[in-house]
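Asks: If you want the building blocks of each chain, they are given just below.
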Amino acid sequence: MKKIKGVNDFVVKFANVNGTGSASANHLFAKAIFRMGIPVSPRNIFPSNIQGLPTWYEVRVSARGYLGRRGGVDLMVCVNPQSMEKDVQSVEPGGYFVYDSTKPLAQHLKRDDIHYFGIPFTEMCMKEFSTPRLQQLLKNVVYVGAMAALLDIEFPVLKGLLNDQFKGKEKLISSNVHALEMGYQYAMDNFSCPLPIRLEKDFNIAPHILEAPHILMNGNTAAALGAIYGGATVAAWYPITPSTSVVDAFAKYAKRLRIDPGSGKKNYAIVQAEDELAAMGMVVGAGWNGARAFTATSGPGLSLMSEFLGLAYFAELPVVLIDVQRSGPSTGMPTRSQQSDVLAAAYASHGDTKQVLLFPATPRECFDMTVEAFDLAERLQTPVIMMSDLDLGMNDWMSPPLEWDDNYQMDRGKVLDKEALDEAREWGRYKDVDGDGICYRTLPGTHPDKGAFFTRGSSKNQDAIYSESGDDYVQNVDRLLRKFETAKQLVPKPKTHPPIEVKKPKTKLKLGALFFGTSASPSYEAVEMLTAEGYPIDTMRIRAFPFHESLDRFIDEHDLSFVIEQNRDGQMRQLIMNECEVPRNKLISVLNYSGTPITARTIADQIRQALNTKSADVVRLHPEDA
Amino acid sequence: MSYIKPNFRHPRLPENALGHTVADYDGAISTLCAGCGHDSISAAIRNACFLSSIPPHRIAKVSGIGCSSKMPTYFLGKSHGFNSVHGRMPSVATGASLANRSLTYIGVSGDGDTASIGMGQFVHLVRRNVNMTYVVANNGCYGLTKGQDSATADHGSISKYGEVNSFDGIDLASLALLQGASFVARSFSGDKEQLEPLIRAAMGHNGFAFIDVVSPCVTFNNHAGSTKSYEATRDHLDVMPLDFVPMREEIRTQYSEGTSKSVTLHDGSVIYLHKAETGFATNDRTGSLTAIQKAKDDGRILTGLLYLDPDTQDLNHNLKIASRPLNELGKDELCPGSKVLNSINEGLR
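Residue numbers (the working numbering), protein chains in the order written: chain S, 136 to 761; chain G, 106 to 454.
This is chain S alone, in the form it adopts within the complex (with noise of 0.2 Å):
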């Protein structure tokens, strides 16, 4: 029979019952891999309950430091009856398939195409530890150091990592780590280890990999990072998964770092709204006052924030908000991955309206665009959006450190101070004095005569005077789009990577593929697949929008470009074609939306199937076969 080989280049599953301690043994699982200096990223894929039902931890390994999922399990380690027969069906031929041998395995989940180890956990945790609650958490334990000896995860990193998960609680150190030796000890007795699919430190490694100190964080925290380093003093919120940890993990920071050291009072506030509408209230009146204020949320949240949005945009306030998209509609699969309100954040709020978009891809561009939204947000007095997902929000993923530089200032904006307001003579609030539709703010409380106005959500003139006049009205929201032009030259720019030379190239069609967030990860590998296969694929991530002219280009240049994105409508490509003197034809969408993350098999796929079933169609869009 066949077996999957591999040296750090596989996919592992955990199939647990959530609510079982399943999470943090799995998480030992990925660290230990990563301590090792193997690329590594783990997801949970997890029901929207507490306690009871099946829950998986797929983690892929890859010395290529390919980070998004791949598609296929070589390997599950099946502890939940309840999935088993999914389970059974989900390893690729020649995989693995480790289970609780405590029961017979049923005869029906039997393949011959696969590799079975039963161990015994069940069995051995209750003879081993006394109380049931310790039969249970040290069961994961136990699998975890089964694995240790299947695929050969260095023993004393995992000693390491327990040592300091429990630092000075001696006793569950010592019981953890019996846990462990006991599934190392029983898979070195009774299987052959380790396997064909294994780890080797410093194995085929990738240079970009080897070049930072990578770390590894969810992307959540990392925006949460940003909002205390970019200075945020006020963050509403109301809780919606997969958005939580993001304030979550701000409070756990501003509580170590912005104590005023004086009076041992907070530097920050966060106030816990009754819900959506009221979290964008107060950040929009906080953002009116001067302070750098954000909220976090997703589908739901964003939906309820709307009226608001507009409100902010035709106002002319800096709001940040995080976006971590969920499937939807409704509530949709809240703890489901998808790139799903790409136009609902676009496009937020009724009348004319456009957002500015952030659309980070890694954990430390969750930073980064973090600190950005912020001096974007006052620098072009709107909402800034940061697009992030469940998948990036929520998993560890490997990443380069994060970086500050400590020359770094606030970009605060156009604003007018009191020594400003004395020497200003014609100032009005929306008077277009630079020409790049961006005005001068003044704050309340700042001067007892000057630069006092009325902000509001209804129509003005130039000096924030009520005016229902039709041109006040057009030149005010023409002028919001001068603003939108400039924002194309502030937000970040889209990445690019040249093809790969291929000496003979299968096809004679110049291709390119456009991506943003975490679908660009299995873009990139898939990108890598079809070249190998003689299809060279130009790369285009976008980070932002307004959409920078280069998008443009790049969809010029080619005959055809995919969009690569995990909704079903294909977002992205729709704000393209709204966006982009494009022809439709040119586009062609590459989708995910089932709720798990997009793998690269899947964009491979699609691609390998356009390219032969539209062929009729492309052929004559190339210039030299016309």
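There are no misleading hints in this set.
Dumping the calculated DSS-like pairs for lysine-lysine here, alpha-carbon to alpha-carbon at most 25 Å: (1) G:Lys-183 <-> G:Lys-297; (2) S:Lys-721 <-> S:Lys-630; (3) S:Lys-401 <-> G:Lys-444; (4) S:Lys-302 <-> G:Lys-444; (5) G:Lys-425 <-> S:Lys-400.
No lab work stands behind these hints, which were simulated from the structure alone.
Given chain S, work out where chain G should sit, using these hints.
Replies: Relative to the frame of chain S, chain G by itself:
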């Protein structure tokens, strides 16, 4: 509305402690209907701020949407104002107060803006004890959309279109009391003698101060059969008069023993309450609720200071936020720097 605002002012207008005349507290000309109760409230706010010598630019005005919420344009032209979203002024005020706790906040809302679309935010504003004065110009109807009943319309009141309201009106003062408000008052837009000192006391209060002001809608709710018309309101008022003496000001008025009580506010100002025969003390929440309900049962509107806890603490205090306004903090206070970040990185390896 009138469209000409006279510039003429008496050359010797009295000045307040800041050397300002009342004209320094004027706003733009009102665009509300002639005779609208709201204009009297605007005037009362203007006078209160003048009398209390608050620098106009240190006041921030916030409102929602509706006739009421247009009012902040018509007073304190030297103050920043924010006419926000329907029913959502409480959240804007909360955020503003967190960003800069050193300003005086006046929120103006209406019965639709507070008791219907804004009900959710209103009760949470009360609960959080945001340091602000919150005035509801309560006329029992929607003016801008032409006279529909609002949620504060009294049971049995007849609308302009002849419909008898079959729902119980929401009593915002009782609601605020139930939710723990530390300053609750009710007044009538036509009773300047009572309203002005109430607003002054509210602005001096260190926490959330709520004033429900019956403010008749001359256009859509001032007819026979309406319980919130000028006539019906005047006929049914139970007025508890009061005086407000700010901190450091000499107390000139003398009231005979037994007819007045005083309450000292956080900042040292004193409120004198006259006529104590309503049978409850302003520090007795339950008594106040009972008195409001009793007056309602008798078809009366009880006005005056209904409840006051002068020792309350506001949101900023309760969240333990630094005394320096958050919007004044810069990079040095806010940004922990690269060394700290490097150690955070270290912890993530």
